[in-house]
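Asks: Each chain, letter by letter, is given below.
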Amino acid sequence: MANAATAPAGGFFANWRQNIIYIGFVVIFLVFALTLNDKGFLNPNNLLNIVRQTAMIAVMAVAMTFVLSAGEIDLSVGAVAGLATVTVAMAIAVAGPVGGILAGLATGLAVGMFNGWLTTKIGIPSFLTTLAMMGIAKGVAMWVSDTAAVPILSPGYSWVFGGGSVGPIPVLLFWIALIAGVGHVALRRSGFGRRVLATGGGETAARYSGIDTASIKFRVLVLSSCAAALAGMLYAGRLQSGRFQLGEGDELSVIAAAVLGGTSLFGGKGTVIGTIVGALMIGLINNGLILMGLEFSQQLIARGGIIILAVALSQKRA
Amino acid sequence: MTAPAPLAVQMTGISKSFGGIRALDSVDFEVRAGEVHALLGGNGAGKSTILKVLNGVHVPDEGDIVVAGTPLTTHTPEASRAAGIAMNFQEMSLVPTLTVAQNVFLTREARDARGLIDDADSVRRAREIFDMLQVQVDPEALVGDLGAGQKQLTEIAKAISQKARVLILDEPSTALAVSDVERLFTFLRKLKAEGVAIVYVSHRMDEIARIADRATILRDGKHVITAPLSELPIDTMIEHIVGKRSKGLADVVRGEVSRGDVLLELSHVTGPHKPEDVSLTLHRGEVLGLAGLLGSGRSALARVIAGVEPAVAGEIRIKGRKVAIRRPSDAISEGVALVPEARATQGIIPAQSVADNMAMAVIGRISPRGIVDRGRVRALADQMIGRLSIKTASRDNAVSTLSGGNQQKVVIGKWLATEPEILILDEPTAGIDIGSKSEIIRLVRDLAQAGKGVIIISSELSELLTACDRILVMADGRAHQLLDRADLDDPAEADPEHALQAAERRLQVEIQKALTTKEAVHG
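Same order as they appear, the protein sequences are chains A and B.
Note that this note's numbering has the first sequence beginning at 2, numbered continuously upward.
Note that this note's numbering has the second sequence beginning at 270, numbered continuously upward.
Hint data in this document are derived by calculation from the structure and do not stem from the laboratory.
Small disclaimer: the values here were computed from a predicted structure and weren't measured.
All C-beta atoms in this analysis are idealised placements derived from N, C-alpha and C, irrespective of residue type, glycine included.
A portion of the hints provided could be inaccurate.
Simulated restraints on C-beta separations [unchecked claim]:
1) A:F128 with B:A410: 49 to 59 Å
2) A:P156 with B:R383: 32 to 42 Å
3) A:Q300 with B:Q431: 48 to 58 Å
4) B:K782 with A:F128: 55 to 65 Å
5) A:V99 with B:L276: 13 to 23 Å
Reference listing, derived: stretches of chain A covered by chain B, where coverage requires no fewer than 3 residues with Cβ under 8 Å from a Cβ of chain B [unchecked claim]:
6) 41-51
7) 161-167
8) 221-232
Here are some of the chain A residues that sit facing chain B, going by a computed Cβ distance under 7 Å [as the list claims (entries may be wrong)]:
9) A178
10) A206
11) K270
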């Protein structure tokens, strides 16, 4: 694979700052393995739990990698995921699982196209567009569900979208692998991915090179909302219900996962593999801190500290 | 040629205004297949605008474009490219976060059997282009890590890799050494024989004379003349470009050299990459030129003195006192100002006004109690606009609306506002017209006369010869030889134009000699 875009000449450790996420992941894993072994950290069930808890973040973070690489941001993903859980659950109740899936995808498409339209045609920065959309999506979800949980009574749907497992392996792991694989190839090797990186790396230059940068931005925002809707469908399947609170606050974990993984907040630089590892690392830290028996308040502080440390170490010194 | 070749491009009655200023006024422009057509004009003449219209970046207000017999109705970069038009951009149409090869083939990437991008193939093809031009650019380097010259080469590679029907080269030679320009010309002649129409923009008349078949001259947004080059001697060209007055470089009077005390003294200074072990002195009232090819360490030396890339060894003395320059602010407070090489990224903030750009380096000085004194900003801007005769509708216009030469004057004004004693100018006249060039050279002479010490870097030797009292020839990061300007003159030659050409040849020989010398000779 030609990964020259992100890894200049030199060995893995020569570029340790770039690869800090992978080193950090291994270090944190080893520390937890050594100190928390007696509390069941290495128990396969616990490790698979980490996967289950991170899957939705990972799915949204892959799309966020495209959004950030294009120099945009999407703050509405958590709320859109919550809205999708509600629309999916309500649609399943009247039209069955297929109707539910279509409703979920339609939710993502509609929100994404609206975000994209506001950002590229009206010219509102995506930060503001999606900040507003965060409130709108949550409001709509509360309104249509009357703030109540909507149960999902389709075992088939729940199995495919998050609840099931093949032998010991949760279906969610397949979702992560699928999205990560498609996302990685699309960003590194497809014309679309290259145009996304060019748009975020230098918009004027990209436009002069014949790239329709507005269309690229529109598409990454649609992609992000659709991924958020998929994450919502996974939440709904796993918890067999739709509730507006699901996914609340996820946007911060999603952005943190991408940035931890080495994606630039300023555009032009992104890696899907890094993002996946970033998402798993956040899950790993959450899990370890809980096993350590820290108070929730202490968990928040420790998690913030670890993220700052990781990103600080990855910065190039002037 | 017997019968005229078919028209590759026919632009008729093109008009374009920006915020009330008419940049193009009903301009006609025609290029035949298989010719090199020079497009000439001063700053703000409309050259860039008409090329951007042709290239689809700007939509014309009026007028028609026909490319190879087919009207061009959609005005977007994609449509122009589909019509077979390729162009290198002076302001760098490169994405800094992508590699050279990725930039060269952006949107035209090689695909493998599965339809996925094959970067290895792009690298190989980019290397072929650079090899053909015989220049050293690493196709796998990130564009953001390259210097201005290498970026220009990447731009050129990007344009010529497109196998276009119409190839527009905007100032391609600014990044090239003389020998490289010859190789580019060989390539262009080959394209020409294949029937490609080439539009060549350059401020270097000698190049135009060598490569172009016909020329079109614009002035103040209007078409002045289109004629075969055989009917346009250089004097006539300059006359058409600047209007009535001729402002050739040879007219700039160097004036009396009144060398004062030593202002700046470097001994055995070495930078982080380059330069290596450079010693020099700069006196009050003197203009010192740095000559050499791309990568010779001229700009690196400037960055060391200005604290952008602090020296790692050696000693810097200013007015006899040893100083430690670790960051740009140290240099500024010692009275050193650097007018950097890439004016778009290092010199100006394009979206901000002329006045705000001028005040940028002195904000502390004009902000009593932390509040910026708008009155003093306005006064400073007006003073500089007058002193440097900057052409702008008002001091509140964004710098991006000014022409290249006037943007450069804004950068110089910004640094003059710091009242420096030592002024370093890195390629101050790159990409600006001959009229503004002479003005800038004259300004440099005036500053020296007023007791400042000036260091000037330029790839145009005629400019160095006009501006400088002494010239340091550099190669490979080392100082090779210090030449007295007067020694390059032939006392027997009376005609200033010829004298300048003769001196230029001599300096050229010295630069070439420096390349072959292995051991450094300290001047």
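Asks: Decide, hint by hint, whether the structure agrees.
Replies: Here is what the structure says about each hint:
1. A:F128 with B:A410: 49 to 59 Å: Violated: the Cβ-Cβ distance is about 32 Å, outside 49 to 59 Å.
2. A:P156 with B:R383: 32 to 42 Å: holds (38 Å)
3. A:Q300 with B:Q431: 48 to 58 Å: Because 56 Å falls inside the window, the suggested range holds.
4. B:K782 with A:F128: 55 to 65 Å: holds (58 Å)
5. A:V99 with B:L276: 13 to 23 Å: violated (60 Å)
6. 41-51: violated (count 0)
7. 161-167: Result for this restraint: violated, n = 0.
8. 221-232: violated (count 0)
9. A178: Violated. Min distance 19 Å.
10. A206: Holds, because the Cβ-Cβ distance from A:A206 to chain B comes to roughly 5 Å (cut-off 7 Å).
11. K270: holds (5 Å)
Hint compliance for this structure: hints 1, 5, 6, 7, 8 and 9 are not met, and every other hint is.
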